[in-house]
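Just so we're aligned, residue 1 is where the sequence shown starts under UniProt numbering, counting upward by one.
Derived by calculation from the structure, the hints in this document are not laboratory data.
It cannot be assumed that every hint is accurate.
With a cut-off of at most 35 angstroms between alpha-carbon atoms, the simulated DSBU-like pairs for lysine-lysine come out as follows [unchecked claim]:
| hint | residue 1 | residue 2 |
| --- | --- | --- |
| 1 | K31 | K12 |
| 2 | K111 | K12 |
| 3 | K111 | K31 |
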Amino acid sequence: MTEYRVSDVMTKQVVYLPAETTLDEAARVMKEADIGDVVVTDGASLAGMLTDRDIVVRAVAENSSPAATTIGSIVTREVVMIEQHCTAGEAAALMRDRGIRRVLVCDSDRKLVGIVSLGDLAMQLDPTSALSEISEQSPTV
Numbered sequence: 001m002t003e004y005r006v007s008d009v010m011t012k013q014v015v016y017l018p019a020e021t022t023l024d025e026a027a028r029v030m031k032e033a034d035i036g037d038v039v040v041t042d043g044a045s046l047a048g049m050l051t052d053r054d055i056v057v058r059a060v061a062e063n064s065s066p067a068a069t070t071i072g073s074i075v076t077r078e079v080v081m082i083e084q085h086c087t088a089g090e091a092a093a094l095m096r097d098r099g100i101r102r103v104l105v106c107d108s109d110r111k112l113v114g115i116v117s118l119g120d121l122a123m124q125l126d127p128t129s130a131l132s133e134i135s136e137q138s139p140t141v
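The whole structure should be built from the sequences, with the hints applied where relevant.
Given below as structure tokens:
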């Protein structure tokens, strides 16, 4: 059996938004692009990653105003990265160990080249699994 690399299963199109972007605009971008995460920038620097779950759990649950709250104020700043040539199994183990569903993917120079999600791994490694079926229906797993 062939061992898939992270580069084989990752999403290559990364959407970047500046930290000053409001939650409602970020949610609109995610909906239009049919994605569940964006990379947040602070100038030329990587500030973190924002997921659809962050918007719900950190903002809506705390009654923050989506039009007045910036994504920089709720972004997950601890960014977990994996090298694109690592195996899909290594990515799955990293997600399990860290309790996360998405990992940023970098090249050997630590340049961001994609994002791999739990759903990406499930769809590639076991397309008949229940998780794969859910991921196909809702790409924001």
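So if I understand the rule, the pair passes when the alpha-carbon distance is 35 angstroms or less; does K111 with K31 pass?
OK: K111 and K31 at ~26 angstroms, within 35 angstroms.
CA of K31 to CA of K12, is that 35 angstroms or under?
holds (18 angstroms)
K111 paired with K12 [C-alpha distance capped at 35 angstroms]:
holds (13 angstroms)
The structure fails none of the hints (numbered hints given earlier).
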